[in-house]
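> Required output: the full structure, derived from the provided sequences and hints.
If you count by our numbering, then the sequence shown holds residues 80 to 208, one letter each, in order.
Just so you know, not all the hints are guaranteed correct.
[Claimed, not checked] EDC-like mimics (lysine to aspartate or glutamate), calculated; alpha carbons at most 20 Å apart, straight line: (1) 154 <-> 188; (2) 112 <-> 161; (3) 154 <-> 132; (4) 154 <-> 172; (5) 177 <-> 198; (6) 154 <-> 114; (7) 112 <-> 172; (8) 112 <-> 132; (9) 154 <-> 169; (10) 162 <-> 197; (11) 201 <-> 161; (12) 154 <-> 183; (13) 162 <-> 198; (14) 201 <-> 183; (15) 112 <-> 169; (16) 177 <-> 188; (17) 201 <-> 169.
Keep in mind that the hints were calculated from the coordinates and are not lab data.
Since we're looking at a predicted model, the values are computed, not measured.
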Amino acid sequence: MKLSLQSFVFLTSSLGLSTINFAFTLPAQAGVKCEAGNMIYYPNGSLLTCILEQNITVQVSSSLSGTSNFPCRGKSYISFNEKGQFHTCELADDIQIKTGNSVEICPAEYRIYVSTSDDGNKSVICRQY
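Pasting the structure below:
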C-alpha cells in the first residue's frame, strides 16, 4: 500500500495532535511524583497531600485569569482540593502575583495558596509559614 505525501503528513499531524491532547487532559496528580509512603487521599480517592519527590512547576488555568505557573519545592508538601485542583505548595523560586495594577513578589520558601471560584476568578495568597 502506497501513501501519498499528503496522506503521510495528515496522518503524522493527526497522531501528533492526539498525543498533545492526551498529554493535557490527564489529571494533575498524574504528573506529581510523591515520596513513597506519605500520600494522603480524600474519601473520594483524589490526592489531598504528599511530600514532593522533586521540584515541579504546577500550571493553573482559569477562564477569567488566564494561566499561572507555580514552581513548587521538592521535599515539601503539596496539596489539592477534593476536585483534584492544586491548592498549595512551598515555592522553589520567587514569583510575581499581579492583582489589578499592583504586583507583589512572593519569595522562594514562602507558601502559595491558590483557589479558583466556580465563575473562574483565581485567588492567589502568599504567606510565610
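> Need the status of pair residue 112, residue 169: alpha-carbon distance at most 20 Å?
The hint holds at about 15 Å.
> Is it true that the CA of residue 201 sits at most 20 Å from the CA of residue 183?
Status holds; Cα separation ~15 Å.
> Below or equal to 20 Å on CA atoms is what counts here, so check residue 162 against residue 197.
The given pair, whose Cα atoms are some 12 Å apart, holds under the 20 Å limit.
> For the pair we were handed, residue 201 and residue 161, check the Cα-Cα distance against 20 Å.
17 Å, holds
> Has the given pair, residue 177 with residue 198, been kept, meaning a C-alpha gap of at most 20 Å?
19 Å, holds
> Between the alpha carbons of residue 112 and residue 172, is the straight-line distance 20 Å or under?
19 Å, holds
> Does the alpha-carbon distance linking residue 177 and residue 188 stay inside the 20 Å limit?
19 Å, holds
> Holds or violated: residue 154 with residue 183, Cα cutoff 20 Å?
Between residue 154 and residue 183 the Cα gap is close to 25 Å, so the pair fails against 20 Å, i.e. violated.
> When you check the alpha-carbon spacing of residue 112 and residue 161, does it fall within 20 Å?
19 Å, holds
> Would you mind confirming whether the straight-line C-alpha gap from residue 154 to residue 169 stays at or under 20 Å?
Roughly 10 Å between the alpha carbons, so the hint for residue 154 and residue 169 holds.
> Straight-line Cα separation of residue 154 and residue 132 no greater than 20 Å?
6 Å, holds
> Are residue 154 and residue 172 close enough, with their CA atoms no more than 20 Å apart?
OK: residue 154 and residue 172 at ~14 Å, within 20 Å.
Hint check: a violation occurs at hint 12 only; the rest are consistent with the structure.
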